[in-house]
Amino acid sequence: MSVVTNTTTIGAIDAPSRRNTELMLLGFAVAIPVFAYINVGLALDGELPAGVLGYGFGIGLLAGVAHLVVRKFAKYADPLLLPLAALLNGLGLVMIWRLDQSQRLIQRIESRYGEGSFSPDAPKQLMYSAIGITLFVAVLMLLKDHRILQRYTYISMAAALVLLVLPMFFPAVNGAKIWISLGPFSIQPGEFAKIIIAIFFSGYLMVKRDALALASRRFMGLYLPRGRDLGPILVVWAMSILILVFETDLGTSLLFFGLFVIMLYVATERTSWIVFGLLMSAVGAVGVASFEPHVQQRVEFWLNPFAQSTWEQSDQIGQALMSFGAGGTLGTGLGQGDSDLIGFAANSDFILSSFGEEFGLAGMMAFLLIYGLIVERGVRTALAARDPFGKLLAIGLSGAFAIQVFVVAGGVMGLIPLTGMTMPFVAYGGSSVLANWALIAILIRISDTARRPAPAPAPSPDAEMTQVVRP
Amino acid sequence: MNKPLRRIAIFCGLLVLALLVRTNWLQYVEADDLNANSKNRRIQIERYANERGNIVVEGKAITGSVKTNDTDFEYKRTYVNGPMWAPVTGYASQAFDANQIEKIEDGILTGNSDRLFFDRTMAMFTGDKKKGGNVVTTLDAAAQKAAFEGLGDKKGAVAAIDPRTGKILALASTPSYDPSSFAGYRDKDAKAWNALNKDKDKPMLNRALREVYPPGSTFKVITAAAALEYGKVSDINEPTKTPDPYILPNTRTEMVNHAGGCENATLNRAMEVSCNSVFAKLGDDVTRDKMVEMAEKFGFNSEAFVPVRTSASVYDKKMDRPQNALSSIGQFNTAATPLQMAMVTAAIANDGKLMKPYMIDKLESPNVDVIEQTEPEEMSRPISPENAQLLQQMMENVVENGTGTNAAIDGVKVGGKTGTAQHGENNSKNPYAWFISYAKGENGSPVAVAVVVEDSNARRDDISGGGLAAPIAKAVMNAVLESEK
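Just so you know, the protein sequences line up as chains A and B, in that order.
Going by the working numbering, the first sequence runs without a break in its numbering and finishes at 522.
Going by the working numbering, the second sequence runs without a break in its numbering and finishes at 486.
Do not rely on the hints blindly, as some may be mistaken.
[As the list claims (entries may be wrong)] Between beta-carbon pairs, the in silico distance windows are: (1) R116/B / S341/A: 51 to 61 Å; (2) N3/B / Q158/A: 52 to 62 Å; (3) L93/A / G65/B: 30 to 40 Å.
Note that these hints are calculated values from the structure, not bench results.
Every residue, glycine too, gets a C-beta built ideally from N, C-alpha and C.
In isolation and in its complexed conformation, chain A is listed as follows (with noise of 0.2 Å):
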């Protein structure tokens, strides 16, 4: 065996672990974010922001500690997961932070809410952070093995169900159902969610996938499905559906439906399953969007962000725009631009246009490779694994992380109608860091699975020669 193949997840026997790579990114990872925070610091007040050595140490901290868990719990993970999620943690705490600053947004939540009612969100930003590494810490500690969450399939499906059905009993908040409030606390269960139905559908598919590919009919060139294999597949529409119209997301129900799609593809490896999954998902959103008016009227300010009817409703997409427009190829720095227009939102699902604008489409490039690099490597962890259940959850997590991220950041770029979703990692809000560090650690359990070295073949007892019986 050669050893050419380290470069790659497909770990070959006596694959190097990769762990100094890791603590090498790490420190870039760390430090880029520290050199941002002094950038907002010299840009805003023309000195050394106070808190920098905290903030380093402190992001330091987290990294180090999840690194030396990586080290003794997976020694054989991937080396980039980490390091490319501990960057966009610490870059989005930096613009959390650089918005907190704005004087823009301040008054605006005062003249709303009175004097003094501003409160920074970059300190609660920075506690997720740490609470989401101890999930990630928790999750690598306690799951030795993913195959363990295979015995939660069903249970996983019901707690999908309450998650996902649980916001409809909560008051909207901004026009979409989308949160649990219990008392001072509130989460976005669809965070979670996505996780918990990864692991159902790769536990479901993993057990069905033979009868779903194999027990079906063919018909006009594409394989039908037997109708008690469709159930649970129209269950699926169905929920997402009822999301969209109940909770009014459309993000959400997107995800779900198109992490659905995948996995099945993926388990039955059959064309004929997306071909369905397009016309269901189609034929949905045709019909919900025909009477549904919070959907419709995303589809009117996507189609004109500009138009003064919009403008008078909602100035947020137009705003993004421009701040997209004003970072132009280079930004303005950090610091130095001027979208907290925006107003709203500003720094959690409109994170992006802030970096739009301040970094520029170079660093907005950066940015998306990022992104594209976390859900690529997870394609990889796909790939390697060498159980059909891990190969699901891996491709599922993957895939759901890269359909968030284009869901998000189209919509605020106008590519695609907004659906409120938070941007993994940049974005300000608890539910998100917690449940993408989870998900991270899930990536990385099973890559370290994927990876690590065969074990040393046992000797057999039938190595002896092979006698002939004789009659």
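Since the structure of chain A is already known, use the hints to place chain B on it.
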């Protein structure tokens, strides 16, 4: 399962690719459009982010900036004697954009112009705060004051030019407005803005550049110029063989004369008392196409950019003969901006050479280096120097002996022409009183001026031009002559 996995990998790659293409599209291809979008508040924020440069007249700023306590707009525009200078500066409002010089030279005034790149870079190294550059105008403060105060409560406009260079010396329009009144974006600014927009006297209309008036008898100098230039008259003191009453060609309509003694009058005499019949006949003799040619050489039928855009004055190219005859005395649909008539006067006073009018002398960087200096530029030569001098003789005669005596200045050669333009159906509306004139010393003419007063109540042809508009022209010329000394 690896084959579909690879396909999913490609699919995810395509999603990212779509985002990459989109971000390139937004931030590279569409960036300029987005940055110029009128809904983009950054334009305003940027405009007021630094102390804005000033518009300068004779070394003194007629604009200013005050610091505000606003999160978006750090500075606000102020104006010194706003109503008087509004036709020159235009306005710069946080809520209502900007216009005229404030808009055209926005790059220099904000300091964002590429031409200030070096200054910006230097300021970056020296740590200076970014500042805007200045726009130095050609205007003459005394002339502007004379024009604005001369118009007073009357509705009208004045344009004065230095014929030798084309420098605009005065540009007044009344009723005017104070650009300071809506420079911010608060409620009171919106109120002021709405009131100005609803005002039926249109105070925000720049009458000197953007309003076309029927020029009335002042247009006769162009007809006279065409008659001389195209050889229809060679001696201005020779009778013109014009019958009185003169019947418009191909019609039975008589051309009415308000003055006596127009039968067979000489060109000089016809100018002096403003005979309609003589000029209508001359216009017809010259023919429509030649009249159009002459008018266009003086600048009719095209917009001028001084650098503020003016409306195009009109001399119709498709009229029939009687209409052309009417147009030759400034009636029918002939229309001119006050600046256009000042240009006509200036060309005559400058011996036939028309200089391109301009009102920005130079642009200065924040540290007062000259970035761009406007050089006088010849626009056209509508008439020969000899014919120009003949026209001067006639116009000076008008001031000495004719309808324009109100503009006479002791010890200075002044030439002029009055006009009262009827308008409205059946002349139902109050006529416009016009006066165009120039003053001349040993070194050529330092000033040519056109005055129009809209709401004159006088009905009598030409007298009102001389009575209402000529004193204003005189005051402006006096002011320029004083500054010349």
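Verification of the supplied hints:
Our hint of 51 to 61 Å for R116/B and S341/A holds, since their Cβ atoms are close to 55 Å apart. Taken as a hint, the range 52 to 62 Å holds for the pair N3/B and Q158/A, whose Cβ atoms sit roughly 55 Å apart. The hinted range of 30 to 40 Å is satisfied by L93/A and G65/B, whose Cβ atoms lie roughly 32 Å apart.
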